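Chemist: Here's the letter readout for the chains.
Number of protein chains: 2
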Amino acid sequence: MASSTGITKRTVVVRTRAALRDALAAAPRPLGVVPTMGWLHAGHRSLMQRSRAADATTVVTIFVNPRQFGDPRDLEQYPRNEARDVAICEEEGVDLVFAPSVEEVYPLGFDTSIRVGAIAEPLEGTARPGHFDGVATVVAVLFNLVGAEHAYFGQKDAQQVLVVRQMARDLAIRTEVIACPTVREGDGLALSSRNVHLAPEERAAAPVLHRALTAARDAWAAGERSGDALRSRMREVLAGEPLANPDYVSVADLATLRELDRIDGPALLSLAVRLGSTRLIDNEPLP
Amino acid sequence: MASSTGITKRTVVVRTRAALRDALAAAPRPLGVVPTMGWLHAGHRSLMQRSRAADATTVVTIFVNPRQFGDPRDLEQYPRNEARDVAICEEEGVDLVFAPSVEEVYPLGFDTSIRVGAIAEPLEGTARPGHFDGVATVVAVLFNLVGAEHAYFGQKDAQQVLVVRQMARDLAIRTEVIACPTVREGDGLALSSRNVHLAPEERAAAPVLHRALTAARDAWAAGERSGDALRSRMREVLAGEPLANPDYVSVADLATLRELDRIDGPALLSLAVRLGSTRLIDNEPLP
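If you read the protein sequences in the order shown, they are chains A and B.
Residue numbering for the first sequence follows our numbering, starting at 4 and increasing by one per position.
Residue numbering for the second sequence follows our numbering, starting at 4 and increasing by one per position.
Same shape as in the complex, but just chain A (with noise of 0.2 Å):
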């Protein structure tokens, strides 16, 4: 469906399960999917032209997915507007945007949910219990509903890429998870929906994140090999915004997300921090 004549096509959009299933039934082949929650930004579309450049067709899901927010208020608060998600998904050649209620993906009596084990534990795991398995749980049943070759991930949310390889590898479902780059603001602000919420003051703190993760990839760069120090490099950088509340900073072994000692291999650095309400994440693989 993919256009490589220069006409855009319109993109379809289903709400349903059934429909989507028609929709896919006589797709080219391979397939490629985004699942975003919404509210798409640059970060998506390189996911797009990631997807349209590989697969001849491109499948958009967009699903504020209840199951992993642990915080109500966070789960209300999450920025929607769909009518602009899709002139996005069109924008970019989207073919077909899947855009299901809550009660599709997940209908009456739906009591099922996966869990990924260690991978998911720290980080991420550890300050939003519950998270990542509402993340395998609800791109389990996307990946089974859209039977994609490829799946476009964000490397932002590095740990939830490591968490879904792992749900669809070890369940053998046969979609590939692929991470693409991080797409940042020209201050080093990695986009994300969240973005929206930060007021003037936190947007203006909010490249400190970046700050901090380029501070400690300089230290590395130079020589530096204790995760101690880089740790406290990172600290020290958001020590230096007053704004900015740490969560956690992590120098991680970049395939199991243990915290090192030493770096003697590929690494993860990654933080989270809060600005007023929002709380942001980042990270930097290494080399």
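Rather than coming from a laboratory, the hints here were simulated on the basis of the structure.
None of these values were measured; they are calculated from a predicted model.
Note that the Cβ used here is the ideal one computed from N, Cα and C, for glycine as well.
Among the clues, some could well be false.
Output of the computed footprint for chain A on chain B, the stretches with three or more beta carbons under 8 Å from beta carbons of chain A [as the list claims (entries may be wrong)]:
{"no.": "1", "region": "117-130"}
{"no.": "2", "region": "142-154"}
{"no.": "3", "region": "175-185"}
Beta-carbon label-pair distances, calculated as ranges [said to hold, decoys possible]:
{"no.": "4", "chain 1": "B", "residue 1": "110", "chain 2": "A", "residue 2": "184", "range": "26 to 32 Å"}
{"no.": "5", "chain 1": "A", "residue 1": "84", "chain 2": "B", "residue 2": "110", "range": "38 to 44 Å"}
{"no.": "6", "chain 1": "A", "residue 1": "129", "chain 2": "B", "residue 2": "246", "range": "49 to 55 Å"}
{"no.": "7", "chain 1": "A", "residue 1": "87", "chain 2": "B", "residue 2": "106", "range": "44 to 50 Å"}
{"no.": "8", "chain 1": "A", "residue 1": "191", "chain 2": "B", "residue 2": "19", "range": "45 to 51 Å"}
{"no.": "9", "chain 1": "B", "residue 1": "227", "chain 2": "A", "residue 2": "85", "range": "54 to 60 Å"}
{"no.": "10", "chain 1": "A", "residue 1": "94", "chain 2": "B", "residue 2": "130", "range": "54 to 60 Å"}
{"no.": "11", "chain 1": "A", "residue 1": "231", "chain 2": "B", "residue 2": "121", "range": "45 to 51 Å"}
Using the hints, position chain B against chain A.
Modeler: Then chain B, alone, in the frame of chain A:
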């Protein structure tokens, strides 16, 4: 691959995920799968026959799943004879046997589990903690690997059928779960791989399970609608057999497995009984 010419083709045995996918790539559809733990008996044969009648290709999986055994001794003692099992599959015209190792189903680093909620809690769920997590997880893996249109399970494991059906429906796995009638010996004993463990005097006592169910069914047919009365009727019959050590007797809603005070819709009579060290289960749906 199923022969309609009367010529029996040789059953192909594969042991790896990759070999399974290769073998199924060009298999005529629809595809039916009979998931088993081996030590095949006439109950399994009836499932294969059901698939052979409905499906163009029939796959039998043989895998003793460690994750659904709470007791390591029970796992160790579970009877195994693959050569005999494959011969039975061949007799039944099965196209493909998938007999993977534990490491093939659960590769190094496997760390995902599936939990089904309320339907998995009573009866066998209470008696065997973790059992249905193991069942739901391995069946999800097998369903995703095989990708069959139909899966056949014995009604003898009534709760297992409900758990697997709920898991597949919730996770949008496109394999329909079909329950097939329990196959019994002439004296009423439900066929089970575990029957091989019964000492002669235990084997002689074992039809008491079916007699208890039949007595309760007869009382129901005569108009008894009290759950307590029917449970008592089962216990009375079991009490008449000195070797029988009842684990539970149940009169439950057929859809939810919640215990019933009064029967005013479809119900399930079920029980679990120990004979020596062997634990047997059986059930009878009403009406």
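Chemist: Determine for every hint whether it applies to the structure shown.
Modeler: Results of checking the hints against the structure:
With a cut-off of 8 Å between beta carbons, the region 117-130 of chain B has 6 residues touching chain A; three or more are needed, and the interface restraint holds. By the rule of at least three residues with a Cβ nearer than 8 Å to a Cβ of chain A, the coverage given for the region 142-154 of chain B holds, with 4 such residues. Note: the region 175-185 of chain B has 3 residues with beta-carbon separation from chain A under 8 Å; the three-residue rule is met and the coverage holds. Separated by about 28 Å at the C-beta atoms, residue 110 (chain B) and residue 184 (chain A) satisfy the suggested range of 26 to 32 Å.
Range check, residue 84 (chain A) to residue 110 (chain B): about 42 Å between beta-carbon atoms, so the 38 to 44 Å window is met. Taken as a hint, the range 49 to 55 Å holds for the pair residue 129 (chain A) and residue 246 (chain B), whose Cβ atoms sit roughly 52 Å apart. Roughly 49 Å separates the CB atoms of residue 87 (chain A) and residue 106 (chain B), a value that falls within the hinted 44 to 50 Å. At about 46 Å, the beta-carbon gap between residue 191 (chain A) and residue 19 (chain B) stays in the expected band of 45 to 51 Å.
Between residue 227 (chain B) and residue 85 (chain A) the CB atoms are about 56 Å apart, so this pair conforms to the stated range of 54 to 60 Å. Restraint check, residue 94 (chain A) to residue 130 (chain B): a C-beta distance of roughly 57 Å satisfies the suggested window 54 to 60 Å. Taking the beta carbon of each, residue 231 (chain A) and residue 121 (chain B) are about 47 Å apart, inside 45 to 51 Å as hinted.
In summary, the structure agrees with every hint in the numbered list given earlier.
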